[in-house]
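Protein chains: 2
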Amino acid sequence: MVNYPNGKKHTTKDLVTKQEKHSKIEYGKRGMSFEDAIDKTNQYYITRQIAVIHKKPTPVQIVKVDYPMRSKAVIKEAYFKTPSTTDYNGIYSGKHIDFEAKETHNKTSFPLQNIHHHQIEHMQQVDQQGGICFLLIQFTHWEEVYLLLLEHLMFYWNRYMSGGRKSIALTEIKKDGILIPYQYQPRLDYLAALNMKDESED
Amino acid sequence: MVNYPNGKKHTTKDLVTKQEKHSKIEYGKRGMSFEDAIDKTNQYYITRQIAVIHKKPTPVQIVKVDYPMRSKAVIKEAYFKTPSTTDYNGIYSGKHIDFEAKETHNKTSFPLQNIHHHQIEHMQQVDQQGGICFLLIQFTHWEEVYLLLLEHLMFYWNRYMSGGRKSIALTEIKKDGILIPYQYQPRLDYLAALNMKDESED
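Line order of the protein sequences matches chains R and Y. Quick note on our numbering: the first sequence kicks off at 105 and runs consecutively. Quick note on our numbering: the second sequence kicks off at 105 and runs consecutively.
Do not rely on the hints blindly, as some may be mistaken.
Computed list of lysine-lysine pairs in BS3-like fashion (alpha-carbon distance at most 30 Å, straight line) [stated by the list, open to error]:
no., chain 1, residue 1, chain 2, residue 2
1, R, 168, Y, 278
2, Y, 180, R, 185
3, Y, 206, R, 176
4, R, 180, Y, 160
5, Y, 301, Y, 199
6, Y, 159, R, 144
7, R, 206, R, 278
8, R, 185, Y, 270
9, Y, 160, Y, 199
10, Y, 176, R, 206
11, R, 159, Y, 168
12, R, 206, Y, 180
13, Y, 270, Y, 185
14, R, 206, Y, 185
15, R, 199, Y, 211
16, R, 176, R, 160
17, R, 180, Y, 278
18, R, 206, Y, 168
19, R, 185, R, 206
20, R, 160, Y, 176
21, Y, 278, Y, 301
22, R, 159, Y, 278
23, Y, 159, R, 168
24, R, 159, Y, 199
25, Y, 199, R, 301
26, R, 159, Y, 180
27, R, 176, Y, 168
28, Y, 159, R, 160
29, R, 185, Y, 159
30, Y, 180, Y, 159
31, R, 176, Y, 270
32, R, 180, Y, 144
33, R, 185, Y, 278
34, R, 176, Y, 160
35, R, 159, R, 199
36, R, 180, Y, 168
37, Y, 144, R, 168
38, Y, 159, Y, 211
Rather than coming from a laboratory, the hints here were simulated on the basis of the structure. Quick caveat: nothing in here was measured; it's all calculated off a predicted structure.
Just need the whole structure built from these sequences, with the hints factored in.
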């Protein structure tokens with residue numbers, strides 16, 4: 105046991121990866137996390153040649169690496185970095201797709217503190233270049249996932265930035281967003297939701 | 105000193121990150137690695153609102169994380185994973201851009217073993233969706249960087265796969281590729297090279 109400079113003892117939780125923490129959440133006995141459902145959907149899209157969308161790796165600042173002889177390199181000290189972009193991007197029928205997926209345990213609203221300033225900035229930059237940006241928001245308590253386009257997100261973000269409420273009400277998300285039902289295959293057909301959005305706006 | 109199961113002692117190279125290893129290579133006293141030059145170029149493109157292209161984080165398999173009280177999480181054991189896609193992607197004037205950057209110390213050819221099968225597969229998928237895919241190849245000895253479009257890369261890749269030579273000759277790259285000169289700003293204007301390619305093919 106080593107004491108840290110602040111005099112506190114440190115606790116160790118071994119073998120708990122971010123992935124495993126996510127996987128603890130189950131949806132209607134389907135035993136799949138939100139992130140897993142998106143990954144499975146993306147695999148489905150790639151296999152069917154519908155789209156090529158991937159999650160970016162978790163950004164990590166590597167500080168110390170061991171190179172044991174005749175074994176592969178072992179990272180011995182690293183830290184999680186704040187992502188400078190969104191987690192997902194790719195291409196769908198010639199269109200650049202860029203989105204962030206967030207879940208909340210809140211029952212009535214989505215707290216905007218979940219989104220980083222630089223992620224908003226990134227999505228605005230992508231939007232300026234002609235990309236399609238959105239948020240996938242899961243209300244874990246209701247097992248409901250919504251797609252919210254950047255233009256709508258910006259309305260609520262600007263309200264927040266100008267001193268208004270710090271969250272988007274679920275009623276607002278129901279109004280502006282598109283519900284993506286959990287289904288067998290693909291698990292979360294967010295591209296279908298995107299197409300519905302296009303049609304409803306024509 | 106701990107012996108590994110194979111009886112060999114292991115050596116430890118502390119504080120050497122992938123980044124630092126790359127940075128050892130210098131170009132004409134500019135003290136910048138190939139990767140740094142691309143990153144700087146991408147920053148330039150973002151700042152000037154020319155394009156939004158980022159390097160993906162290095163994929164890492166996290167095995168063990170410590171959570172010291174009142175400090176941020178420390179990754180104590182992790183391994184480098186083989187990337188399943190290319191390193192760079194983004195959007196440029198509505199077009200999806202996807203590329204891989206590779207350097208070789210070879211003077212006369214680029215060994216195709218530098219490219220993974222799944223990276224080729226990934227670029228073909230992106231190409232099918234209408235994205236623009238290419239390779240940036242640096243011949244470190246000559247301080248020369250070339251852009252080679254996927255269609256050309258595929259010719260040499262297929263030659264390799266069908267039992268032909270395992271590399272692309274520099275003369276072939278000079279013929280099919282576009283030289284990207286190192287310059288002050290942006291460091292490596294690969295989008296200009298891409299535009300030249302478009303014009304030369306019209």
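* **Contradicted hints - numbers only** => Hints 1, 8, 15, 17, 22 and 33 not satisfied by this model.
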